[in-house]
Amino acid sequence: MRILSIISLFLLWGQICFGQIDYTKLIIGRNQGTHYFHDGDSTRIFGFTETLSEETNIPGPTIEVNFGDSVKIDFWNVSQGAPHTIHLHGLDVDQQNDGVPMLSFEVEHMLHGYYYFKAPHPGTYLYHCHVGSTIHLQAGMYGLLIVRPSNGEMNLNWDNGESYDREFSLLASEIDTVWHNDTILDHDHDPMMPLMVPETFNAQYFLVNGLSGSQMNDPVNYMYFQPNDKVYMRLANLGYYGVRYIFESSLNARTVSSDGRPLPNVQFGDTIEVLPGERYETFLQFGNQTSSILTVEHFNLNTHLVSSSQEMVFWSSSVGIDEISNYNVFPNPTDDLIFFSEVPVDYEITDITGKMHQKGYSTSSSLVDLPAGIYLLKIDSRTYRIVKN
Amino acid sequence: MMKFLSISFLFLFLTFNVYSANIDLRLEIFSGNLSMFDNSTIPVLTYSDSSTFSPSSPILIFEDGDVLTLKVVNSDANVHGFKIDGLIDMGSIAAGDSVTQAITLSAGIYKYYDPSSLENQYLGLSGLMHVKGTGDLAPYYYWNLREHEPFLNISVSGGGSIDQTLYSPKYYTINGNSGDAIDNDAQAKIYGNVNSEFRLIIMNHGLSIHSMHFHGYHLQILDNSKNPSHNGREKDTFPVYPGHYQLLSTTPDKPGEYPIHDHNLIAVTGGGQYHTGMITTMLIAP
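Taken in order, these protein sequences are the chains called A and B.
Going by the numbering used here, the first sequence wraps up at 394, each residue one higher than the last.
Going by the numbering used here, the second sequence wraps up at 1029, each residue one higher than the last.
None of the hints are false.
Stretches of chain B that chain A covers, calculated by requiring three or more beta carbons in the stretch to come under 8 Å of a beta carbon on chain A:
#	segment
1	906-917
2	946-960
3	972-978
4	994-1001
Some chain B residues close to chain A (C-beta under 10 Å, calculated; not the full set):
#	residue
5	P985
6	V1011
7	Y1017
Quick caveat, the hints were computed from the structure, so don't treat them as lab data.
By construction, the Cβ of each residue, glycine as well, lies at the ideal position given by its N, Cα and C atoms.
Isolated chain A (complex conformation) (with noise of 0.2 Å):
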């Protein structure tokens, strides 16, 4: 009945504050997801979802919104067990709408919750619970929060800002498997006890956007672009580790924003180093290449060792990958023997990065020396993508 009554009255607040709601956004809290890995184990998450017959995902789903907008979340909590928030990372929000508890409200299962805001500085934001934040956020109960210009144009950063051809957003996490033991995440709830965690945090798996491992570089999630492409990047971490996200010099990163405000001085430079709760946004400008490579490392805040390095694939969509005009290229993905044409002709095989492996003159290849991965097989001009198993 407090619950309710404390609901009713950010209600009343809300409507008295925001008047019009230019945009409302569901948003569903639930503790029974599945997140799978790429070694093909998994564990289970919480999360935030837009419906209640999706799946749960980490990172939760993109909220946008345009500058100036009057915002209502609407939080629906189908998750028994403890109850959840949604913080407003980096928004500025009044204390009632900034989803701590004790400080704000909390949401119990099957209750709605209301935050209200008014969209402040175009840029990348977050959200996240901040009921027993330590465990719900590594839980899985997180996602990235996009502040478009005024008018929601698409492709430009702020209002009277820089335009791009395209945008990427990466948000940086990892998990400590540990963490996700059910006698981690079915935790009492009692705000008069303490709450008891894991005293050390040793992540098994490194993320961005969910992915890990080989699923990081899977030609699915590849980042495609055209030749010449001016590319904004928004760079995030809401983990517990540093990342450092590391451009190929070619492309000529230039940082000019943070936590959504623009830099004083603009930051060049091809390593942009992301601290859990940072956002960053980057400029690429790419030419004339076929692809470029990603690298995200993870570093221990303790050690300051690399935990982990990872790659991820920008991948120019203008290139003929697997077309099957005059040739056909099979059996792909292989273990050995890769067929490419019914008689001779001239052929390369390089590793994304380039580096040539083969070349010759057949009608095929083996490729059992090589290391599993993503090569590409280029045939008269054109390219086709092949993977080693």
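Starting from the known structure of chain A, fit chain B onto it as the hints suggest.
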């Protein structure tokens, strides 16, 4: 009620530990135990501005142009020192010995420390000195961040060395406090007012990197020792690297109570208990 107490706390804070003009200061090195919120204790070494052990080295606040006559007494059993980069270096101070030097202070933020070893600094022989500029009347708050790995403290106290590749702290403190004690620290808990600027100096004396996040507000970086080119940035989350500081400022525009915490959320825990680590709030009165 807390809001109405804020002005009183602020007044106490402004008059606390401020020295002026020609100042004689005595710092004494003691070993002792730092108590955590769960009553566990950790061996530490600190500078004390009294004649007894202090669980953390004091925050020293002066004004530009002050002449400081500093006497450092070593009451520990081992050789120590006292250094402020570019300002003073007392060399080795033998057990039971003392050194006195006089210096004229210039406005700035300084870390004082025992240069004899990283281990001694890890144990607690480092602190923050703030020399305010002439006419600087802004209210300041001070956070000295430090992590603690109890077995490492015991090992280092016995002559062992630090292997940071194995570092895995168990407790996280602000000004030597953990748990509710942080909120009772008038130099850490921020009591502000709408339309009235306050400033916060965060100095990292530990070995870990911390990422301090502010609810409710962006703050501007007025000064930072790690990346001076970042001065002027307005952010809600600030990296604070070991041995470095950030000087932050904001002028609140709305009342309320807003948490501030390390967003490496392991550092808001301590001893396996949430939330007893690097977390407090700023309380903004209308």
